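Asks: In the order they appear, the protein sequences are chains A and B.
Just so you know, numbering that gives the first Met the number 0 puts 308 at position 309 of the first sequence, and the rest follows in order with no gaps.
Just so you know, numbering that gives the first Met the number 0 puts 115 at position 116 of the second sequence, and the rest follows in order with no gaps.
Derived from the structure by calculation, the hints contain no laboratory data.
Please note that the accuracy of each hint is not assured.
Dumping the calculated EDC-like pairs for lysine to aspartate or glutamate here, alpha-carbon to alpha-carbon at most 20 Å [to be verified]:
hint : chain 1 : residue 1 : chain 2 : residue 2
1    : A       : K222      : A       : D103
2    : A       : K222      : B       : E28
3    : A       : K66       : A       : E37
4    : A       : K222      : B       : D96
5    : A       : K296      : A       : E213
6    : A       : K76       : B       : D70
7    : A       : K222      : A       : E95
8    : B       : K9        : B       : E21
9    : A       : K76       : B       : E53
10   : A       : K344      : B       : D105
11   : A       : K66       : A       : E139
12   : A       : K222      : B       : D105
13   : A       : K160      : A       : E219
14   : A       : K304      : A       : E341
15   : B       : K9        : B       : E91
16   : A       : K344      : A       : D327
17   : A       : K66       : A       : D42
18   : A       : K76       : B       : E56
19   : A       : K298      : A       : E105
20   : A       : K322      : B       : D119
21   : A       : K344      : B       : E109
22   : A       : K76       : B       : D119
23   : A       : K76       : B       : D36
24   : A       : K322      : A       : E248
25   : A       : K322      : A       : E263
26   : A       : K298      : A       : D102
27   : A       : K344      : B       : D119
28   : B       : K9        : B       : E148
29   : B       : K9        : B       : D84
30   : A       : K304      : B       : E109
31   : A       : K25       : A       : E11
32   : A       : K66       : A       : E256
33   : A       : K322      : B       : D70
34   : A       : K160      : A       : D102
35   : A       : K296      : A       : D102
36   : A       : K298      : A       : D103
37   : A       : K304      : B       : D105
Just so we're clear, the structure is a prediction, and the values are computed from it rather than from any experiment.
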Amino acid sequence: MATVESRTAYWEQAKEQGFDLSWLEKLREHVAGEGVEEQSANDTGRVQGSIPRGDVARFGAYTFRTKSEVWAHNLTKLYEEFITRQWSSATDIPWETIQPLPDDIEAAQCQLATFFTQVEFIASDVPGRFISTMSPDYQEVRLALLAQVMDESRHLDVFRKRALANGGGLMRMIDSVSDVVGGSTDNAREFTEFSSRLHITGEGNVLTLFRLGEMMAYNEAEKAIYRRCAQDEARHVAIGVLHLRYMNEFAPERRDEIHCYLDEGESRQATGAGGENPAGQSQLTSGALAMLLGGGKDKVDEGQKILMAIRQRQTKEYFQRLKSAGFDDRIHNGRVNPALLEQYKAAA
Amino acid sequence: MSERRSTALKFPSVEWFRALQELVNEDEEFRRLGSIDAVMGIKVGERVFVINFEAFECTEVTEGTEYDLIDADFYLEMTVEQWQDLVTNTRENNGADLSHTLNTLDLMIEGGISDNATGDQLRADVFFRVNQSLQHFFDSSARLETVFE
Ligand SMILES: [Fe+2]
Ligand SMILES: [Fe+2]
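Next comes chain B alone, as it looks inside the complex (with noise of 0.2 Å):
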């Protein structure tokens, strides 16, 4: 993950979000883990966003509320610190050490962080399908130059 973003950009926001929906667009590393059809939601704290993946490309960010968690395939729950935690190390080491993944966070936090929102596994289990994805996808943020709240 090189040449990063210098503009700052809040986190957690639509325009981070997007950021990154913008450097996974254009990332031939991305493309090459494979497709990916899925829809995310993260919830930071309070704050939702809902993000689309069709095939090779992530299509849409957009902020919502809890009621669009019951739409979405599956959905990352943290507290605000523990994101926070997540951004930092990502940026720190060029992408998440081992105990940032996702997959690690998901087994270390009580409870996990993914689930889908209606207790169907199929559709949590997308997470574990496309997980190297998502993954990519948040290790791009070591990119951006992030402030927080």
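Isolated chain A (complex conformation) (with noise of 0.2 Å):
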């Protein structure tokens, strides 16, 4: 093995026999900074706090290279909570557990799952588009939305392989095309626009769907999709509210702004306007929801009380959410969307 010395003694005869190591010494001056620049130059590529090169092609051109646009603390420590929680829809879901169901069940389950598959798809497209736009140097950031992404391709691929397990197969498509969750998540141009509409609106009503999955679960497969599926969804949630709360305190001349994306994402979760919670009131998926926690087509009636009080869990921990980030004085300026204030009383 080599050792220090042996190293230093074939450096000195390697520059006695000629060899240019100035190279070497150049690394030696330059170390990686610990700090995240506010603005980054960074267009090519480069890793976060690898050495710069001359001449290269700034075939970059990333669109975000601000930090405050982008940026949330602690992202590093849920980052190793994404990879440390992982699993396989191949190996941790119990699929024999899956027997044949009643034509409405498994019409409704199908659905949903149809519904989620749709969900899913966007929520994993529309984070890489934003990954690959942002400079190098947000690296946290860049990893965290790496890993929501392996998580949502995950659920894709859970949701679809339920809708082909038991003969439903998959049904027909929710009535928004690119509104899927939170409100034209798919035409946001801007990360913050992005992340309110998605992770909070969005994916925080979805995080509760998948939290009442175990109750509309008709074996263990089920039950453990949904669960799986909640704990993955929770850590989406996360990296929104750090991001509305780092913008809160760091980007205070965008408050505004940020209370535009969620008058937006309230009123579509208030009316059901778009399709993109399902626990909203007349859509197709509401429907399947209330058919599952009843138990059947006659007992749809049990199964929309039970949604009226999941309305209610969804807007108590939107408005919680809304306080955790800074945003909660729209709860009390009267901005706030109407209907949920009522939902959100009722709850308290």
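Hints given; two lone chains; assemble the complex.
Replies: Next comes the structure, spelled out in structure tokens:
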């Protein structure tokens, strides 16, 4: 094995033999900084902290090169949680427990599985777009989003498998095309716009639905799917809350703009317009949920009652997340959606 | 959950929760569920317990007071009877049945069972993020001989 002394001797010998080792000295001069740049000049795909070199084509041309546009504290810790809590649709779901179900129940499960497959498609597709347009200097944010995409691909896969596993198959796609979660997530051009729609409104709601999953499950496989997905979804919500909290503190000039995103998300959450909240009213998917929760097509009313309680829970958690992020002034100054405020008061 | 412990432990007590701590810390399945960094408060009637998790371990169990709940990420609160029902159900079914999982109890008991004492949902959400580890922790009580006060 090479020791420090033998390496030094080797380098001395190399120098004596005429090799230019000045580049080694240059490496010693450059020690990567701990801090993250407020403005990133990195346009070349250079990994965070590495030594720049000249004459590199600016192939990155990243749209997001300002820290306060994308940053959140503590994402590294969250990333560690992401990677240790991964699971597999092949080995962690007891598929053998799925038995033939009554037609109405199977159809409702498959309608919901189709909805979730569509939701997961957007939830993996859209963050992916932002990852590739963000400076590599914001590595922590990139890693958290990459981990989210990994989660979402597993969700995409597991709900599709459930739809196909028991004879039902994929059902009708939901009424809205691009506005799947949180309202116009797919159209978001700006990171905070995207994060507030997807992480806060959309995934906040989907998290409650996944938690509800074990009550709609008719076998151990479905229970396992929903339980595992709920844990994953809560991590995605955390990315959004951490980002909004950072924006509140370090980019207060953008608070009004962020309130506008929240206005839109709330209105869709309250009315169910756009179809992104299957617990919303009068949706194809809310019918499926009510049937599964009630226990069949003749018990939809009981399911609807549970759904009403769930909507209140979604709203209570959303309001508390606003508080965690520092945007709860809207609850007290009359800006918050009145229908949601009613639900919140009922839940309190 | 096999091989039950024979000495009866009183619920609620520090000893009871420490027995769970010991069980999960030597349990490969608990580790496989992933890392868990959380301070969990438990409120059983008037009594309060604080349980710390770090990385893949349950690191500390103490008895505390209501004031300690402020520092917890989330705390689980039920009446003495509801806790006893949970512990009994877990023992009888070798793990909580569907209507007694922490998640279902939180959805079905009015007002829920889990919250952050200061209304900080980011910390309250930790209950959802590591839920299956917490469930495994409580399910391990099927291996304990439990007596109630
Ligand atoms: Fe997902
Ligand atoms: Fe998600």
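Asks: Each of the hints needs a verdict: does it hold here or not?
Replies: Going down the list of hints, with the structure as the test:
no.: 1; hint: A/K222 <-> A/D103; in the structure: holds (19 Å)
no.: 2; hint: A/K222 <-> B/E28; in the structure: holds (18 Å)
no.: 3; hint: A/K66 <-> A/E37; in the structure: holds (5 Å)
no.: 4; hint: A/K222 <-> B/D96; in the structure: holds (12 Å)
no.: 5; hint: A/K296 <-> A/E213; in the structure: holds (19 Å)
no.: 6; hint: A/K76 <-> B/D70; in the structure: holds (19 Å)
no.: 7; hint: A/K222 <-> A/E95; in the structure: holds (13 Å)
no.: 8; hint: B/K9 <-> B/E21; in the structure: holds (16 Å)
no.: 9; hint: A/K76 <-> B/E53; in the structure: holds (12 Å)
no.: 10; hint: A/K344 <-> B/D105; in the structure: holds (18 Å)
no.: 11; hint: A/K66 <-> A/E139; in the structure: holds (11 Å)
no.: 12; hint: A/K222 <-> B/D105; in the structure: holds (16 Å)
no.: 13; hint: A/K160 <-> A/E219; in the structure: holds (15 Å)
no.: 14; hint: A/K304 <-> A/E341; in the structure: holds (17 Å)
no.: 15; hint: B/K9 <-> B/E91; in the structure: holds (17 Å)
no.: 16; hint: A/K344 <-> A/D327; in the structure: holds (15 Å)
no.: 17; hint: A/K66 <-> A/D42; in the structure: holds (14 Å)
no.: 18; hint: A/K76 <-> B/E56; in the structure: holds (16 Å)
no.: 19; hint: A/K298 <-> A/E105; in the structure: holds (15 Å)
no.: 20; hint: A/K322 <-> B/D119; in the structure: holds (7 Å)
no.: 21; hint: A/K344 <-> B/E109; in the structure: holds (14 Å)
no.: 22; hint: A/K76 <-> B/D119; in the structure: holds (18 Å)
no.: 23; hint: A/K76 <-> B/D36; in the structure: holds (10 Å)
no.: 24; hint: A/K322 <-> A/E248; in the structure: holds (13 Å)
no.: 25; hint: A/K322 <-> A/E263; in the structure: holds (18 Å)
no.: 26; hint: A/K298 <-> A/D102; in the structure: holds (15 Å)
no.: 27; hint: A/K344 <-> B/D119; in the structure: holds (17 Å)
no.: 28; hint: B/K9 <-> B/E148; in the structure: holds (7 Å)
no.: 29; hint: B/K9 <-> B/D84; in the structure: holds (14 Å)
no.: 30; hint: A/K304 <-> B/E109; in the structure: holds (13 Å)
no.: 31; hint: A/K25 <-> A/E11; in the structure: holds (17 Å)
no.: 32; hint: A/K66 <-> A/E256; in the structure: holds (18 Å)
no.: 33; hint: A/K322 <-> B/D70; in the structure: holds (17 Å)
no.: 34; hint: A/K160 <-> A/D102; in the structure: holds (18 Å)
no.: 35; hint: A/K296 <-> A/D102; in the structure: holds (10 Å)
no.: 36; hint: A/K298 <-> A/D103; in the structure: holds (11 Å)
no.: 37; hint: A/K304 <-> B/D105; in the structure: holds (17 Å)
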